[in-house]
Amino acid sequence: MKRTTLFDAGYQWIVFGRDPNKAENLIDTNQYMIRTANRCLLLDPGGTELFAPMLAAALHYAPVEEITDLFASHQDPDIISSLGLWDQALPQARLHAPAIWEGFLRHFGCEKIEYVPIEDAGGTIDLGPVELELIPAHYLHSSGNFNVYDPKSKILMSGDIGAALESPDAPMFVEDFSAHVEKMRFFHQRWMPSNRAKNDWIKRVRKLDIEMLAPQHGRIFKGDDVERFLDWFEALSVGSAVQV
Amino acid sequence: MKAHIERKKSQFVVVASIATELSDVMVVAKEISLAAANAKAIAYRAGEKARGFQPITDFINELARETIELVNQINEQASALYETTVKEYRYEQANKQFKTVSALSCEAVYKDSLVPIAAQLEEELEEMRYQFKNQVDQLLDQLSEIMHPARAARVIAANSRIEASQAGEFLQSLLTVAESVDKAAELMYTNVQRCRSSMAMMEL
Chain E
1 MKRTTLFDAG
11 YQWIVFGRDP
21 NKAENLIDTN
31 QYMIRTANRC
41 LLLDPGGTEL
51 FAPMLAAALH
61 YAPVEEITDL
71 FASHQDPDII
81 SSLGLWDQAL
91 PQARLHAPAI
101 WEGFLRHFGC
111 EKIEYVPIED
121 AGGTIDLGPV
131 ELELIPAHYL
141 HSSGNFNVYD
151 PKSKILMSGD
161 IGAALESPDA
171 PMFVEDFSAH
181 VEKMRFFHQR
191 WMPSNRAKND
201 WIKRVRKLDI
211 EMLAPQHGRI
221 FKGDDVERFL
231 DWFEALSVGS
241 AVQV
Chain G
1001 MKAHIERKKS
1011 QFVVVASIAT
1021 ELSDVMVVAK
1031 EISLAAANAK
1041 AIAYRAGEKA
1051 RGFQPITDFI
1061 NELARETIEL
1071 VNQINEQASA
1081 LYETTVKEYR
1091 YEQANKQFKT
1101 VSALSCEAVY
1111 KDSLVPIAAQ
1121 LEEELEEMRY
1131 QFKNQVDQLL
1141 DQLSEIMHPA
1151 RAARVIAANS
1161 RIEASQAGEF
1171 LQSLLTVAES
1181 VDKAAELMYT
1191 NVQRCRSSMA
1201 MMEL
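Sequence lines, in order, name chains E and G. Using the working numbering, you'd call the opening residue of the first sequence number 1 and step up by one each time. Using the working numbering, you'd call the opening residue of the second sequence number 1001 and step up by one each time.
Chain G extracted, bound-state conformation (with noise of 0.2 Å):
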């Protein structure tokens, strides 16, 4: 009983937890944006010296606009895992109560009464149940999906700084754009595999 609602806490901290993880990937994700813009003013400004560097702006930009969707989504998807949670709690506990119900209620006339109810909670539980498996799964394959993003931008702020180092003068803001780029890159990647290795080790 003890473990079961200590797995129960976890499941609630775990799933709470994750939203705050995501924020911070969103600020991230901004930051990354903004990097993009600076290192396209600067591109602009480099001309012919910081030609290779223009295009990479672009998939900077991309980037960040596609990880800040993906967070949206995660986030959608970690508050249905929430509900879904509560409303797991509330059932098993019904499920748990109804169960010294019928142990307390043997002499009672109308105790057969509650059984047809108890049956039909047992299902709803199992159901969501089901449905809490479902949306974990989906939300681990979500966070994954986010990885990407997250390697994709080390291997941008890589080739960033070869492009930089044909900038001349430009140099040193190119390297600091990369930089920030890479970062962004490898908190990003840390969160998320936060989130991942925590849900992992919620015993489902």
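The following block holds chain E by itself, in its conformation from the complex (with noise of 0.2 Å):
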């Protein structure tokens, strides 16, 4: 799996991504850790068939007993299907995920690690050398779902929103914006569900000071790449499925 170190000065974000043996009907992820002294987080760990590969990366950085976090954006299959197994590998760890979806996500198996329900309004994680916010990003595309912004490194993991399917060979970085952007199209308008949701979420990111924004799926958005996703977005309708 490729291992991509986006942010590093004092701690660090890491990007996994890529793997080259993951099965060709598997949608390709993006999972992203955030390494500090003592702790681990990882933000949307992926699904069951890439628990091994995912914590086979993850041991180039941190001890399990380490790895204390993990972060769920959503419900879906390929941000959290892997939960049992990380049950069982990190039985001390607490899992941040949306309250709505805790009755849902217990089904994956979620015995030991601790469940730290996310109310609608957002909340914060505090990992010591910095304090992440959970940035409510509802409907986009699950109706509970949050994106967690680092006022540090001004990262912005985006899950979902920002979102390209493409060849798992694809380069990590938005190279060229206006080529990017068939990529993109559709998985936004027909996941995507309300445009009232989406200009809300427009509105309150747009107040966040962002270098980077990294979604679940396809390259991540650098420097002035985040501002014209943004005016992408707001002019994007959602919600595709319903004219049909």
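If you're looking for bench data, these hints aren't it; they were derived computationally from the structure. For glycine and all other residues, C-beta sits at the position ideal for the given N, C-alpha and C. Warning: the hint list may mix true and false statements.
Stated by the list, open to error - Straight-line C-alpha distance at most 20 Å; calculated SDA-like pairs for lysine to any residue:
{"id": "1", "chain 1": "G", "residue 1": "Lys1087", "chain 2": "E", "residue 2": "Gly122"}
{"id": "2", "chain 1": "G", "residue 1": "Lys1096", "chain 2": "E", "residue 2": "Asp8"}
{"id": "3", "chain 1": "G", "residue 1": "Lys1087", "chain 2": "E", "residue 2": "Glu49"}
{"id": "4", "chain 1": "E", "residue 1": "Lys222", "chain 2": "E", "residue 2": "Pro91"}
{"id": "5", "chain 1": "E", "residue 1": "Lys2", "chain 2": "G", "residue 2": "Thr1100"}
{"id": "6", "chain 1": "G", "residue 1": "Lys1099", "chain 2": "E", "residue 2": "Thr48"}
{"id": "7", "chain 1": "G", "residue 1": "Lys1087", "chain 2": "E", "residue 2": "Glu114"}
{"id": "8", "chain 1": "E", "residue 1": "Lys112", "chain 2": "G", "residue 2": "Thr1084"}
{"id": "9", "chain 1": "G", "residue 1": "Lys1099", "chain 2": "E", "residue 2": "Pro91"}
{"id": "10", "chain 1": "E", "residue 1": "Lys112", "chain 2": "G", "residue 2": "Glu1122"}
{"id": "11", "chain 1": "G", "residue 1": "Lys1087", "chain 2": "E", "residue 2": "Arg106"}
{"id": "12", "chain 1": "E", "residue 1": "Lys2", "chain 2": "G", "residue 2": "Glu1107"}
{"id": "13", "chain 1": "E", "residue 1": "Lys22", "chain 2": "G", "residue 2": "Glu1122"}
{"id": "14", "chain 1": "E", "residue 1": "Lys22", "chain 2": "G", "residue 2": "Thr1085"}
{"id": "15", "chain 1": "G", "residue 1": "Lys1096", "chain 2": "E", "residue 2": "Lys222"}
{"id": "16", "chain 1": "E", "residue 1": "Lys112", "chain 2": "G", "residue 2": "Val1086"}
{"id": "17", "chain 1": "E", "residue 1": "Lys112", "chain 2": "G", "residue 2": "Thr1085"}
{"id": "18", "chain 1": "G", "residue 1": "Lys1087", "chain 2": "E", "residue 2": "Thr48"}
{"id": "19", "chain 1": "E", "residue 1": "Lys2", "chain 2": "G", "residue 2": "Ala1103"}
{"id": "20", "chain 1": "G", "residue 1": "Lys1087", "chain 2": "E", "residue 2": "Asn199"}
{"id": "21", "chain 1": "E", "residue 1": "Lys2", "chain 2": "G", "residue 2": "Tyr1110"}
Said to hold, decoys possible - Partial pick of chain G residues on the chain E-facing surface, computed with a CB cut under 8 Å:
{"id": "22", "residue": "Ser1105"}
{"id": "23", "residue": "Val1109"}
{"id": "24", "residue": "Tyr1110"}
{"id": "25", "residue": "Ser1113"}
{"id": "26", "residue": "Leu1114"}
As the list claims (entries may be wrong) - Quick partial rundown of chain G residues pointing at chain E, CB under 7 Å, derived from the structure:
{"id": "27", "residue": "Arg1090"}
{"id": "28", "residue": "Ala1094"}
{"id": "29", "residue": "Gln1097"}
{"id": "30", "residue": "Val1101"}
{"id": "31", "residue": "Leu1104"}
{"id": "32", "residue": "Ala1108"}
{"id": "33", "residue": "Leu1121"}
{"id": "34", "residue": "Gln1193"}
{"id": "35", "residue": "Arg1196"}
{"id": "36", "residue": "Met1199"}
Now that you have both chains on their own, put them together as the hints suggest.
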């Protein structure tokens, strides 16, 4: 699995993805890690199929006992169906996930890990050197959905927002925004159900100082491409299936 | 590997199907209970002619009560076994995945940190397998226990026929009672036997 460091100043952000051994019929996903001196948070750690390569990759940065926290932006299987396996590997860990999905996520198996519910208004995760903000992103696409904003590194982990469907060997960063647009259009129009929710999120996110917008599928936006993405998304009409 | 998955699948199916078979047995036990009440009423009306039949109705009733109690106990045991099957399956999956992690992380700095957790899981898995085997044995014992009322019901049905023959104009009504007890007992016997043979076929 490819490992790329996004930020390294007192603590690190690492993205994992482009697993060469992933089955072709599984969607490719990006997993993120925030590593501090003695703790480690995995963001959207992935589906069951990805558990072994993901944990193996994480062991390059942290011992198992220091992987203390997991975050699930929403309930989808590609986000967190590996929960039952993490539950065996990290019995002391905490899972931060939307409150409304608790009873659903427990179906994946969550007996040992502590479920820390995130209420609709959002919250924070204090990792010591950084306090992460949990930004509500409901209905984008899931009805209970959060992004993670790091005010120090200025990275916004945006879950499915900004996602693109493309080949598993695609580069980690957006290089040509105009060319990238077509890889995102269908995903956003079909998976995102609400223009109202989209505009509400854009309004909230525009207030944040963002240097990197890091989605769970596809490529990461850097610098001016973040603003370009927000403009493009703002102009896009979503919820396309109801028009069929 | 494929054989292992098939074995697990069959365990899930067998354990789940026990509940279905037992719910049929429960229906039958309730039918026997109804037959007992019916027989009691007929025997009461028949008076002296059905004197020998009256204690039989108490037996039938007792039999139905005992069967219902046993079915409830077996149901509890079957659902505990189902929970263990699910848990054991999850532990086995994790165990398998941990082995893959070990193979994939041979160059990782912190690869050894997984060793104690993997060892702990192996231990828990062993315990789970032991618990599973115990629960299966207990369930098999309970299933053979429930065969006793099934056999007894058939004997009672035979005795009921003999007593019915003394009951004059009530003969037909009492024979119907005997028939329904006999049929119910046969169904009960068949269903429980089916549970036992499917459990025996399960590769434990």
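Evaluated hints:
At most 20 Å may separate the alpha-carbon atoms for a hinted pair to count; lysine 1087 (chain G) and glycine 122 (chain E) exceed this at roughly 33 Å. Simply put, lysine 1096 (chain G) and aspartate 8 (chain E) have alpha-carbon atoms about 34 Å apart, too far for the 20 Å limit, and the pair is violated. For the hint linking lysine 1087 (chain G) to glutamate 49 (chain E), the alpha-carbon distance of about 19 Å falls within 20 Å, and the restraint holds. At roughly 36 Å between alpha-carbon atoms, lysine 222 (chain E) and proline 91 (chain E) are farther apart than 20 Å, so this suggested pair is violated.
Pair hint lysine 2 (chain E) plus threonine 1100 (chain G) holds up; C-alpha atoms about 17 Å apart against a cutoff of 20 Å. This hinted pair checks out: lysine 1099 (chain G) and threonine 48 (chain E) have alpha carbons roughly 15 Å apart, not beyond 20 Å. Proposed proximity of lysine 1087 (chain G) and glutamate 114 (chain E) is supported: the alpha carbons are some 18 Å apart, at most 20 Å. For a cut-off of 20 Å, the pair hint linking lysine 112 (chain E) to threonine 1084 (chain G) stands: about 16 Å separates their Cα positions.
Only pairs whose Cα atoms come within 20 Å are accepted, and lysine 1099 (chain G) paired with proline 91 (chain E) is accepted, the gap being roughly 18 Å. For the given pair, lysine 112 (chain E) sits about 16 Å from glutamate 1122 (chain G) by alpha-carbon distance, which is consistent with the 20 Å threshold. A C-alpha spacing of about 14 Å is found between lysine 1087 (chain G) and arginine 106 (chain E), which places the hinted pair at or below 20 Å, so the restraint holds. With a C-alpha separation of about 14 Å, the suggested pairing of lysine 2 (chain E) with glutamate 1107 (chain G) holds against the 20 Å cut-off.
About 27 Å separates the Cα atoms of lysine 22 (chain E) and glutamate 1122 (chain G), which puts this hinted pair outside 20 Å; it is violated. Our distance criterion of 20 Å between C-alpha atoms is broken by lysine 22 (chain E) and threonine 1085 (chain G), whose separation comes to about 29 Å. For the proposed pair lysine 1096 (chain G) and lysine 222 (chain E), the alpha carbon gap of about 39 Å is over 20 Å, so the pair is violated. For the given pair, lysine 112 (chain E) sits about 16 Å from valine 1086 (chain G) by alpha-carbon distance, which is consistent with the 20 Å threshold.
Distance restraint check for lysine 112 (chain E) and threonine 1085 (chain G): the Cα-Cα separation of roughly 18 Å lies within the 20 Å cut-off, and the hinted pair is therefore satisfied. A distance of roughly 16 Å separates the Cα atoms of lysine 1087 (chain G) and threonine 48 (chain E); the hinted pair therefore holds under the 20 Å criterion. With a CA separation close to 17 Å, the supplied pair lysine 2 (chain E) and alanine 1103 (chain G) stays within the 20 Å bound. Between the alpha carbons of lysine 1087 (chain G) and asparagine 199 (chain E) the distance comes to roughly 44 Å, so the proposed pair goes past 20 Å and is violated.
Proximity of lysine 2 (chain E) to tyrosine 1110 (chain G) is assessed by CA-CA distance (about 18 Å); at most 20 Å being required, the pair is judged to hold. The beta carbon of serine 1105 (chain G) is positioned within 8 Å of a beta carbon in chain E (closest approach about 4 Å), and the interface hint is therefore held. Restraint check, valine 1109 (chain G) versus chain E: the minimum CB separation of about 6 Å is within 8 Å; hint holds. Annotation: tyrosine 1110 (chain G) was flagged as interfacial toward chain E, and the flag holds, the nearest CB pair being 4 Å apart, inside 8 Å.
The restraint placing serine 1113 (chain G) at the interface with chain E holds, with a minimum CB-CB distance near 3 Å, inside the 8 Å limit. Taking 8 Å as the C-beta contact cut-off toward chain E, the hint placing leucine 1114 (chain G) at the interface holds, the least distance being around 5 Å. With a cut of 7 Å, the hint placing arginine 1090 (chain G) at the interface with chain E holds, because the nearest CB-to-CB distance is about 6 Å. Checking alanine 1094 (chain G) against chain E: minimum C-beta separation of about 4 Å stays under 7 Å; hint holds.
The restraint placing glutamine 1097 (chain G) at the interface with chain E holds, with a minimum CB-CB distance near 5 Å, inside the 7 Å limit. Nearest Cβ of chain E to the Cβ of valine 1101 (chain G): about 5 Å, under the 7 Å cut. The hint holds. With a cut of 7 Å, the hint placing leucine 1104 (chain G) at the interface with chain E holds, because the nearest CB-to-CB distance is about 4 Å. At a threshold of 7 Å, the smallest CB-CB gap from alanine 1108 (chain G) to chain E is about 4 Å, leaving the interface hint in force.
Against a cut-off of 7 Å between C-beta atoms, the interface hint on leucine 1121 (chain G) holds, since the closest Cβ of chain E lies about 6 Å away. Because the smallest distance between the Cβ of glutamine 1193 (chain G) and any Cβ of chain E comes to about 35 Å, over 7 Å, the interface hint for this residue is violated. The beta carbon of arginine 1196 (chain G) comes no nearer than 31 Å to any beta carbon in chain E, farther than 7 Å, and the hint placing it at the interface is violated. Evaluation of the methionine 1199 (chain G) hint against chain E yields a violated restraint, the C-beta minimum of about 26 Å exceeding 7 Å.
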